[in-house]
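Enquirer: Just so you know, full-length UniProt numbering puts 202 at position 202 of the sequence shown, and the rest follows in order with no gaps.
Hints were generated in silico from the structure; no laboratory data involved.
Warning: the hint list may mix true and false statements.
Stated by the list, open to error - Each computed EDC-like pair below joins lysine to aspartate or glutamate, with the alpha-carbon atoms no more than 20 angstroms apart:
#1 183 / 95
#2 57 / 212
#3 233 / 204
#4 49 / 95
#5 56 / 261
#6 56 / 232
#7 233 / 59
#8 127 / 92
#9 141 / 162
#10 132 / 142
#11 183 / 254
#12 233 / 52
#13 137 / 162
#14 208 / 247
#15 183 / 261
Unchecked claim - Have a look at the derived ranges for each label pair, beta carbon to beta carbon:
#16 195 / 154: 19 to 27 angstroms
#17 50 / 134: 25 to 33 angstroms
#18 120 / 213: 31 to 39 angstroms
#19 116 / 58: 13 to 21 angstroms
Idealized CB from N, CA, C, for every residue including glycine.
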Amino acid sequence: MNVAEALKINEQLKEDEILPENKYYRPMVELTRLGMRFPTPKGEFIALKGVDLTIKKGEFVSLIGHSGCGKSTVLNLVAGLTLPTDGGVIVDSREVDGPGPERAVVFQNHSLLPWLTVYQNVELAVKQIAHKQQKGKAWIKEQTDHYLSLIQMQHAADKKPDEISGGMKQRVGIARALALQPKVLLMDEPFGALDALTRAHLQDSLMKIQADLGNTIIMITHDVDEAVLLSDKIVMMTNGPSATIGEVLDIQLDRPRNRVELANDPQYQGYRQSVLKFLYEKQLHPTPQSEPPASTPSKPTSSKPNSAKVTFASDIKRA
Numbered sequence: 001m002n003v004a005e006a007l008k009i010n011e012q013l014k015e016d017e018i019l020p021e022n023k024y025y026r027p028m029v030e031l032t033r034l035g036m037r038f039p040t041p042k043g044e045f046i047a048l049k050g051v052d053l054t055i056k057k058g059e060f061v062s063l064i065g066h067s068g069c070g071k072s073t074v075l076n077l078v079a080g081l082t083l084p085t086d087g088g089v090i091v092d093s094r095e096v097d098g099p100g101p102e103r104a105v106v107f108q109n110h111s112l113l114p115w116l117t118v119y120q121n122v123e124l125a126v127k128q129i130a131h132k133q134q135k136g137k138a139w140i141k142e143q144t145d146h147y148l149s150l151i152q153m154q155h156a157a158d159k160k161p162d163e164i165s166g167g168m169k170q171r172v173g174i175a176r177a178l179a180l181q182p183k184v185l186l187m188d189e190p191f192g193a194l195d196a197l198t199r200a201h202l203q204d205s206l207m208k209i210q211a212d213l214g215n216t217i218i219m220i221t222h223d224v225d226e227a228v229l230l231s232d233k234i235v236m237m238t239n240g241p242s243a244t245i246g247e248v249l250d251i252q253l254d255r256p257r258n259r260v261e262l263a264n265d266p267q268y269q270g271y272r273q274s275v276l277k278f279l280y281e282k283q284l285h286p287t288p289q290s291e292p293p294a295s296t297p298s299k300p301t302s303s304k305p306n307s308a309k310v311t312f313a314s315d316i317k318r319a
């Protein structure tokens, strides 16, 4: 199926929404035969090949795999930071041809503006929406306060980024992304640089925020427990080059989820073992990459490296 065919199908599904129940089956994100090739002095380097994935509205999807398996490439393609050499990406029935307001990205580095306060960093995003919707100052203040309350940062509203902790900075980064009112939130190892206790707290906050707002979330992680705890679906990537989707695991755990109660849950442990088996039996030895991608062919790209290792939060005593 090519991009044109996928768009045609999505248009038909949109027409079928005369029946209210049908709207829940229309995908929010669709990857069709997605691939990424790079020219190198030694010939063509195939980073990603034949990725097909459908994500429903409101789903939380985690991408996991060894370093170099194309997780960040997939995320950048959905974000429109990189354009594919093969296949295509459709978000909310529209083909992705660059960055767009319906998608927001949260990186491992919070990227807050250091000269602005916590309030002003979030307000900056709110003002973009206010301008488009022709809203006034009262609406801007109300929305900024709302997103600060979602992340429980009202008490630090007047502080600068260098006056708060790493976990707090990441919470502000998440609030700023949410303030853009994206349909899809893309998260590239958002908690990877944090200590275990702070990471657990933010994971719980993220689950609550998604329950309240219903965003579709795609997150890269190297943490098996994080993937099982947060996700509705775990997408396991094969080793690169020519990386693709190896397995997709549907997580059928009731929400809201409690990490303490799930610690000894047989179903939770079964999901965890399935991911570990894929990573350490089926994909134990990552294939050496003979030539790293030099650059993308005259298209917008993201240069964020993927350097984290797999960690397991359950191996650390839960608070």
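Enquirer: Within 20 angstroms, alpha carbon to alpha carbon, are residue 57 and residue 212?
Expert: Roughly 14 angstroms between the alpha carbons, so the hint for residue 57 and residue 212 holds.
Enquirer: Need the status of pair residue 141, residue 162: alpha-carbon distance at most 20 angstroms?
Expert: 23 angstroms, violated
Enquirer: Could you grab the alpha-carbon distance between residue 49 and residue 95 and see if it respects the 20 angstroms cut-off?
Expert: 19 angstroms, holds
Enquirer: Just to be sure I understand the hint, the distance between the Cβ atoms of residue 120 and residue 213 should be within 31 to 39 angstroms; is that true here?
Expert: Violated, since residue 120 and residue 213 (Cβ atoms, about 22 angstroms apart) do not stay within the stated range.
Enquirer: Taken at face value, is the distance from the CA of residue 59 to the CA of residue 233 at most 20 angstroms?
Expert: It holds: about 8 angstroms lies between the C-alpha atoms, which stays within 20 angstroms.
Enquirer: Is the straight-line distance between the alpha-carbon of residue 132 and that of residue 142 20 angstroms or less?
Expert: 16 angstroms, holds
Enquirer: Take a quick look at whether residue 208 and residue 247 sit within 20 angstroms of each other, Cα to Cα.
Expert: Answer violated: residue 208 to residue 247 is near 27 angstroms, above 20 angstroms.
Enquirer: Would the pair residue 233 and residue 204 pass a check requiring their Cα atoms to be no farther apart than 20 angstroms?
Expert: 17 angstroms, holds
Enquirer: Is it true that the CA of residue 56 sits at most 20 angstroms from the CA of residue 261?
Expert: Given that 20 angstroms is the threshold and the Cα spacing comes to 27 angstroms, the pair is violated.
Enquirer: Do the alpha carbons of residue 183 and residue 95 lie within 20 angstroms of each other, as the hint requires?
Expert: Holds: residue 183 and residue 95 sit about 14 angstroms apart, inside 20 angstroms.
Enquirer: Given the hinted pair residue 137 and residue 162, is their Cα-Cα distance within 20 angstroms?
Expert: At roughly 27 angstroms apart (the allowed maximum being 20 angstroms), residue 162 and residue 137 break the hint.
Enquirer: Between residue 116 and residue 58, does the beta-carbon spacing fit 13 to 21 angstroms?
Expert: At 32 angstroms between Cβs, range violated.
Hints 5, 8, 9, 11, 13, 14, 15, 17, 18 and 19, counting from the list given before, are not met by this structure.
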